[in-house]
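Asker: My request is simple: use the sequences and hints to build the entire structure.
Chains A and B supply the protein sequences, listed in that same order.
Mapping the first sequence onto my numbering, position 539 (from 1) lands on 539, and the numbers just tick up by one.
Mapping the second sequence onto my numbering, position 14 (from 1) lands on 14, and the numbers just tick up by one.
Keep in mind the hints are simulated off the structure, nothing from the lab.
For clarity, every value in this text was computed on a predicted model and none was experimentally measured.
Every residue, glycine too, gets a C-beta built ideally from N, C-alpha and C.
Warning: the hint list may mix true and false statements.
[Said to hold, decoys possible] Here are a few chain A residues that sit away from chain B, every Cβ distance over 10 Å (derived from the structure):
id, residue
1, V164
2, R346
3, H493
[What the hints assert, rightly or not] The following label-pair restraints were derived from C-beta to C-beta distances:
id, chain 1, residue 1, chain 2, residue 2, range
4, B, F72, A, K39, 25 to 31 Å
5, B, G11, A, E565, 48 to 54 Å
6, B, E18, A, S102, 52 to 58 Å
7, B, K109, A, D108, 51 to 57 Å
8, B, F72, A, A527, 36 to 42 Å
9, A, K39, B, A93, 49 to 55 Å
10, A, L581, B, F72, 19 to 25 Å
11, A, V519, B, E50, 42 to 48 Å
12, B, E50, A, V28, 53 to 59 Å
13, A, K39, B, G11, 41 to 47 Å
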Amino acid sequence: METVQIKINNVSYEVAAGSTILEAAHSVGVEIPTLCYLKEINEIGACRICVVEVKGARSLVTACVYPVSDGMEIVTNSEKVQAARRTNLELLLSTHDQDCLSCVRSTDCELQKLCRDYGVDGKRFSGARETYAVDDSAPHMIRDNNKCILCRRCVAACRANQAVGVIGASERGFSTHIGCAFEAKLGDSPCVSCGQCITVCPTGALTEKDDTAKVWAALNDPEKHVVVQPAPSVRATLGECFGLPIGTNVEGKMVAALRRLGFDGVFDTDTAADFTIMEEATEFVHRVKNGGALPLITSCSPGWVKFCETYYPDMIPNLSSCKSPQQMFGALTKTYYAEKMGLDPRNIVCVSVMPCTAKKFEIGREDMSAAGEGIPDVDISITTRELGRMIERAGIRFAELPDEEFDPALGESTGAATIFGATGGVMEAALRTAVELVTGETLEKVEFHEVRGTQGIKEASYDVGGLHLNVCVASGLTNCDAVLKAVQSGEKHYDFIEFMACPGGCVNGGGQPTQPASVRNFTDLKALRAAALYGEDDAKAVRKSHENPLLKKVYAEYLGEPGGEKAHHILHTRYTAREKLY
Amino acid sequence: MRRFSTVPFSGTKEQEAELSAWLDAHKAMPGAAMPALQKAQEIYGYLPIEVQRMVADALDKPLAEIYGISTFYSQFSLCPKGEYKISVCLGTACYVKGSGKIYESLQEKLGISGGECTADGKFSLDACRCIGACGLAPVMTINDDVYGRLTGDELDDILAKY
Numbered sequence: 001m002e003t004v005q006i007k008i009n010n011v012s013y014e015v016a017a018g019s020t021i022l023e024a025a026h027s028v029g030v031e032i033p034t035l036c037y038l039k040e041i042n043e044i045g046a047c048r049i050c051v052v053e054v055k056g057a058r059s060l061v062t063a064c065v066y067p068v069s070d071g072m073e074i075v076t077n078s079e080k081v082q083a084a085r086r087t088n089l090e091l092l093l094s095t096h097d098q099d100c101l102s103c104v105r106s107t108d109c110e111l112q113k114l115c116r117d118y119g120v121d122g123k124r125f126s127g128a129r130e131t132y133a134v135d136d137s138a139p140h141m142i143r144d145n146n147k148c149i150l151c152r153r154c155v156a157a158c159r160a161n162q163a164v165g166v167i168g169a170s171e172r173g174f175s176t177h178i179g180c181a182f183e184a185k186l187g188d189s190p191c192v193s194c195g196q197c198i199t200v201c202p203t204g205a206l207t208e209k210d211d212t213a214k215v216w217a218a219l220n221d222p223e224k225h226v227v228v229q230p231a232p233s234v235r236a237t238l239g240e241c242f243g244l245p246i247g248t249n250v251e252g253k254m255v256a257a258l259r260r261l262g263f264d265g266v267f268d269t270d271t272a273a274d275f276t277i278m279e280e281a282t283e284f285v286h287r288v289k290n291g292g293a294l295p296l297i298t299s300c301s302p303g304w305v306k307f308c309e310t311y312y313p314d315m316i317p318n319l320s321s322c323k324s325p326q327q328m329f330g331a332l333t334k335t336y337y338a339e340k341m342g343l344d345p346r347n348i349v350c351v352s353v354m355p356c357t358a359k360k361f362e363i364g365r366e367d368m369s370a371a372g373e374g375i376p377d378v379d380i381s382i383t384t385r386e387l388g389r390m391i392e393r394a395g396i397r398f399a400e401l402p403d404e405e406f407d408p409a410l411g412e413s414t415g416a417a418t419i420f421g422a423t424g425g426v427m428e429a430a431l432r433t434a435v436e437l438v439t440g441e442t443l444e445k446v447e448f449h450e451v452r453g454t455q456g457i458k459e460a461s462y463d464v465g466g467l468h469l470n471v472c473v474a475s476g477l478t479n480c481d482a483v484l485k486a487v488q489s490g491e492k493h494y495d496f497i498e499f500m501a502c503p504g505g506c507v508n509g510g511g512q513p514t515q516p517a518s519v520r521n522f523t524d525l526k527a528l529r530a531a532a533l534y535g536e537d538d539a540k541a542v543r544k545s546h547e548n549p550l551l552k553k554v555y556a557e558y559l560g561e562p563g564g565e566k567a568h569h570i571l572h573t574r575y576t577a578r579e580k581l582y
Numbered sequence: 001m002r003r004f005s006t007v008p009f010s011g012t013k014e015q016e017a018e019l020s021a022w023l024d025a026h027k028a029m030p031g032a033a034m035p036a037l038q039k040a041q042e043i044y045g046y047l048p049i050e051v052q053r054m055v056a057d058a059l060d061k062p063l064a065e066i067y068g069i070s071t072f073y074s075q076f077s078l079c080p081k082g083e084y085k086i087s088v089c090l091g092t093a094c095y096v097k098g099s100g101k102i103y104e105s106l107q108e109k110l111g112i113s114g115g116e117c118t119a120d121g122k123f124s125l126d127a128c129r130c131i132g133a134c135g136l137a138p139v140m141t142i143n144d145d146v147y148g149r150l151t152g153d154e155l156d157d158i159l160a161k162y
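Answerer: Here is the structure:
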């Protein structure tokens, strides 16, 4: 590595040539605060919080975009620097709704932290302010521009990572605001509900639509039988809400907390993920053998599904007709479980805990009521963050909880299901089952390392029982978009594709705990969180979905054949092209 | 918050063909969005959603980005211009002589904000900076007619002429 000699705060260091002042300082243990900077996608030097003094420079420079050079002398915390940062914060506060007492981001707001660090309050500049109507038109989130600091991190996530770009900066000067084209409401825009914008927002301007009040109401209703299903990746991230290290698997404590919140059944979306694999692998083998539409593309990620329906409607025939694990779980709860327990499905409330905001949209989709019209498969979908807040409010000391087990009725799952939460996981799980379905032989080595890892696009080829299969895995809609373009142009040929809307998959979903840019810019969240899931898979006795004993029992007693008529009615759905209005 | 034109879009096939031809020829050019919007405004006179959609699709950019550009630069208009374009000078001399009140009064009488066009397409209203007739302050123009030393009382009579 080529290096240069620099001085930071009068101490000499050797740092990587070509790095920015921000990166160089971080590499030697000196943190420089930022607000707008997001590595690779939002390097715009706009917020002026990262300003530092460079000897010989005419004015303060922005550390996030200014490259180091040999002999450079940098001061990151002089009085001049601190005064500039303070003034910039005061100016930001002059148009910021300081609703900190009950703001959902209070205590993990990046603006609030900086104001505390720099002793800044909102009193100095109290002039004219623009006020904005809160946009709560979308099913999954709320935009409150009164708390927006115009850092454009959301715009960058939506455009650069997600290829969607439904939001942008409109107008100029004092009237500048972030929003959709022609001031459309988000609910009318082709937003795919992925929530990536929320996870990068430094303040409370973007938040999920909080559905915890509905959950509390259900839990307090003695007429209702309330069951809960946390998604695979939630166990890998929930600990972050309680200060545990990133990548801590808290499955046992999560189960204990859910039980203490008062759910009548504490079940596992992993169980449904095994059903998804059973159905999807069956569908894949059927399509391969019968000349069905290929590539088959997974349908677990509702953000991706909505993207397909909106931006690639001609690819809808390639989407697997399988419901996502969330919906399969709800469908099984309201049919199989209701029958088994002698419950009226109308009295069951199925709550899901998801890494995802698009799941809030998915529960309201058409053809998602296996038990009959007016009985949704899933009633309420909350994010990992919302569950964290519920546990907090309930006064449960999370870190001290014992490890408990899921309730057995719908709580048994395999390692294949656990890895659904990471990019490549669904593909690997499907391959474990599909290979055995095709060859009829036992697969000895269950790991498919080619499809693991956090790269945006992965490809692999396998020869299975005389078939040559090309598979592709992509996460982040920009990568999915690139793969689709290559498929449509004929440049690439795949038989099976796994798409997840969020970069890295569900572990980095839009409903996951927020991490400040100071962590996000220098930590591979995706890899750390995914490692927790692969660790759990490794430790499981049963690692192939079709070997799940509970799954075998439910097919034998209730569903019949995988891909059969009853399974189709309960576990599959359909899609519709969506108009792109804005 | 910006208000949008209530005048229905009435672009012609010829206009569409002209814009499409320009977009086809220039879509690979880096930074094509600005000149594309300039061209579109030259053809249509303004940039309604139908026109911005054409630009966005041709350049493979999100509509939100194109809209952002169209609202950043004051040279772009999202409303059509009327048959009669009223322009009120808000330059220093006119302003101290009360052109601000004239401008407000016209907005009230026409039922539109500055930058907009009446629903019947007859009048559009804009503010401008000094037109070099400070001796006549406050001044407004309607197409090529210049009205100077204005008082609020005359406005109804002037509008009635058109």
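Asker: Work down the list of hints and note, for each, if the structure agrees.
Answerer: Hint check:
no., hint, verdict
1, V164, "violated (7 Å)"
2, R346, "holds (42 Å)"
3, H493, "holds (24 Å)"
4, F72(B) <-> K39(A): 25 to 31 Å, "holds (26 Å)"
5, G11(B) <-> E565(A): 48 to 54 Å, "holds (52 Å)"
6, E18(B) <-> S102(A): 52 to 58 Å, "holds (55 Å)"
7, K109(B) <-> D108(A): 51 to 57 Å, "holds (52 Å)"
8, F72(B) <-> A527(A): 36 to 42 Å, "holds (39 Å)"
9, K39(A) <-> A93(B): 49 to 55 Å, "holds (52 Å)"
10, L581(A) <-> F72(B): 19 to 25 Å, "holds (22 Å)"
11, V519(A) <-> E50(B): 42 to 48 Å, "holds (44 Å)"
12, E50(B) <-> V28(A): 53 to 59 Å, "holds (55 Å)"
13, K39(A) <-> G11(B): 41 to 47 Å, "holds (43 Å)"
Taken one by one, the earlier hints fail for this structure only at number 1.
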